[in-house]
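Okay, here's what each chain looks like letter by letter:
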Amino acid sequence: MMKDLTVSIISITLGLFIIMLCRDLPMFIARGYPGPSFFPLLLSSVSILCGLILLIKFFKDVRKGGISSNLRFNFRVLRQVLNNKPVINALKFSALLVAYILLIPYAGFFLVSLIFMFITQVVYGVSTLKAFAISSAVILFVYVLFIGILKVVVPEPILGQLLYR
Amino acid sequence: MVLSLGISKTMSLVIVVLLVAVVAGGIYYYSAVTAPPQYPSKPITFIVSWSAGGGTDRTARMIAALLENMSGWKTVVENRVGGGGTVGHLAMATASPDGYTVGIITFELSTFEWMGLANVSYKNFKPVLLYNRDPAAVIVRADAPWKDVIELTNYIKANPGKLKASGTAKGGVWDIGRIGWLKTAGVDPEALPWVPSTGAAPCLQELIAGGIDICTCSLPEAGPLIEAGKVKALAVMADERNPAFPDVPTLKEKGINWAFGTWRGVAVPKDTPDHIVKTLHDAIKKVIDSPQWKDFMSKNGFGMAYLPSSEFAKFLENDYKVVGELLKAAGYVK
Amino acid sequence: MFFEILQLILQPHVLFAIFIAELFGVFIGAMPGLTATMATALIVPFTYFMDPLAGISMIIAMTAVAIFAGDIPAVLLKIPGTPASAAQTLDAYQLGRSKPVETLSTDLVCSALGGIVGSLILIFTSPILAEFAVNFSTVEYFWLTLWGLSMAIVISAEQPIKGVLGVIIGFLIATIGIEPVYGYVRFTFGRVELLSGISFIPAMIGLFAIPELLKQISKPHEKYLVQLLRGGKTYEMISTALKKFKTTVARSSLIGTFIGALPGAGADIAAWVSYGVAKRVSKKPEEFGKGTIEGVIAATSANNAALSGAWIPLLVFGIPGDSITAIALGALMAHGLRPGPMLFQRHGTLVSAMFAVFILANLLMLLIGYLAIRLSSNILRIPRNVLVPLIAVFCVIGSYAVNNSLFDVWSMLVLGILGYFMERLGIPIPSVVLAIILGPMVEFNFITTLMKSDLNPIIFVSRPVAAGLAFLTIFTWVLPFIRTKKLRIKGSES
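These protein sequences, in sequence, are chains A, B and C.
Under the working numbering, read the first sequence as residues 954 to 1118, first letter to last.
Under the working numbering, read the second sequence as residues 10 to 343, first letter to last.
Under the working numbering, read the third sequence as residues 12 to 505, first letter to last.
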């Protein structure tokens, strides 16, 4: 039921945030036609309403008992979360993805993809040689398919622009 | 495991990454040094601000294909879609002025600054040539009571706000066509309110369904429906009649001195050297003089047109001014 | 006549064109980010240099196969290959955990059936249906899209409130950019890239694929994505599914063709509506979203039927039914085939041959689709620590390829991480995706309808079709309440 609390807080915050963003946009235009902020405001009100319903439901559950112990938040829980192997794996992967996309404009799609695939595979336990062979094969395949056959445009690198043309 | 030569996993990882970087850098350096100076020595990218399969994209791809055939140039068509055309036009204007990024500019370029969408206009470009113009037309349901465009104009004047028109987004090409038509005829544009639509096809359908009364899109777009007897064209906002629709009179014939429409052309960034513009112009001129191009354009219902670089520049300047005045008159300028 | 048509479509170069187009279609459809629309745009320039029948056949065959092939990555990797596969992705993926080949084969057969039913409707009722479809005004589209949006709540019946939240989030994502009615700029924080809003396909790839990749990579000690069950019971599964759900196939194909024929709605909306309706009338609605073949069948027959449906207003009135037929219109015109009522008279034989190609393409799809299934299901034999980075690369290139924009890649990633948390909090991803598609249409049609009527709200129910759709929408909303009441009454009686 902690989930419900989180969702309710998020939806109320989201609603308020949207209302704040809408302050410069008219709600009605000319003779009362729904304006650009009409629907966003409608949505944010529904969002806040949903949040309140979930909140009431949560407090009802709390009164019924049994949840209050879960409410206590301490650092042990945080440490548990951070030491949790799956969570760390997911975080590592997200970080790698962010780095990957950040680097694309600098070194071009193919080179960065090759390095990304290679490093990620090695980090998650594929042997170096195998990872290199697989990554290169995939990049070659993508190159032939996208550039050669489909003529799709891939991100142009600042470095080594001529490498891919 | 395979590379167990006493090197740790991290170490071998670093080595491989370095190796790849060195090889890539080497190839880059080599090709940069040996690049020949003559234009064009590598593929030319045509930027299109509209999605693949649309009218602008189709003409651009045809130009690119015929250039490959006729001049032996390598070409790539790149769709930079978004922001109502601003993303693509901005990309063209800010590309390096070496002639390898060529823009297909469209009518919307004249509106961006006025509508407050993006700071890009004809001033950021060096025009190469204009290859297409499609005038707006006044289209109504086939069973509409008005015999000609004068009757319709008078009806709008007498019953302000009763009829609704559509064809594209607010401030789009067909909307400006409507404003100019009514203003020239001495009618307040407010008398014919504009209902935004996402394009000519949904607007024509809306016309048949009875949601609106007038559509101001181009004649070829309405062609099949005119043939099906669902709609009729009262006038076309051009200097001359369209040979494919000889029965549709121009507004000028009816005494309303107004011609307007959309256009497409080729342009490069402002600082491109003149000899590159000339090479491009000559090659594309050869394309649009070819029978394949003419066949393609007439079958697709695109209006053929041609203006060389200098005249295209004047045309752009004028279009920009006219559009600005009308948008101001309609209260769209922010 | 009949013999003439056969002679036309059995020309070797026509057959060859269909064959190549189908191979191409499988590929495009199965590749997330490469859509049938984009593929059509890519092959159209080639069709200019072919004879008309071969050129048009290529488009027909390729799109049919591409829409089916969109289900392949949905089943294997939880990434819908095309937007039209988003509706059934959760079910398809769940089924694919144990029986990928069998699920895909059933999916294939139902796709082909849907396509054939759609083609038959196209062949025999084009003029009537087109006449009806072009009379849809924004009022009718408002109700239709609102009805479609209600499906988001239908599909998340356990906790409808979270379904509603999903819709709100999706709707709000879709409001970013230039607002389509007045041209106001909303929620862009001054970024030019956001003027046109968050692109749909990168958003879809992100929302479905990234949470799954994060989940998969977080348990690398299990070597493979799934434990494949041995034993080829493909044939039995197809035949039992067909026997059990033949009404579902028929109903979905009809819904699909009809929605496809509406110029303002395409295969994606057809799949959603059909899926929602199937859940509403199903005997086991609680299984939807958790891996029911019924849901997969409903959506997949509808989206293939919608493809044929989209040609109806195109051929009769020159009004394209979706983005694919909008491109096909260009290809037809390039061959001097001006759509309209005269097309059937001037080029009768050619049009009939085209119709025959619709059927032929769907039949040939069975063969090529099956080969594709056999080949592609080998993906699941790749260890997950090799596969996951590989899929990530394809997600990146897929989201880039839509608009050639790195910004889209970032939106894919951000929405993906958002999707990961939403999934953990129980907010249904399909509701979000559906709202991104339909939200802007609801808003646009609502406001423009009021503009046409000068703010008179009677317009929403004054036209008969609009009133009917309004009734249908409200019925969908109140049906669960009626049902629970009935159940309660039944319960108290016994």
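A couple of the hints might just be wrong.
[As the list claims (entries may be wrong)] Here are some chain C residues pointing at chain B (derived, C-beta under 10 Å):
id: 1; residue: Tyr-235
id: 2; residue: Pro-352
id: 3; residue: Ser-363
id: 4; residue: Asn-396
id: 5; residue: Ser-416
[To be verified] With a straight-line Cα cutoff of 25 Å, these simulated BS3-like cross-link-like pairs (lysine-lysine) come out:
id: 6; chain 1: A; residue 1: Lys-1038; chain 2: C; residue 2: Lys-230
id: 7; chain 1: C; residue 1: Lys-226; chain 2: A; residue 2: Lys-956
id: 8; chain 1: C; residue 1: Lys-254; chain 2: A; residue 2: Lys-1083
id: 9; chain 1: B; residue 1: Lys-323; chain 2: B; residue 2: Lys-135
id: 10; chain 1: C; residue 1: Lys-234; chain 2: A; residue 2: Lys-1045
id: 11; chain 1: B; residue 1: Lys-241; chain 2: B; residue 2: Lys-308
id: 12; chain 1: C; residue 1: Lys-294; chain 2: C; residue 2: Lys-255
No wet-lab data here; the hints were simulated from the structure.
Heads up, the beta-carbon is just placed ideally off N, CA and C, and yes, glycines get one too.
Against the structure, test the hints numbered earlier, and report the numbers of the ones violated in rising order. 1, 3, 4, 8
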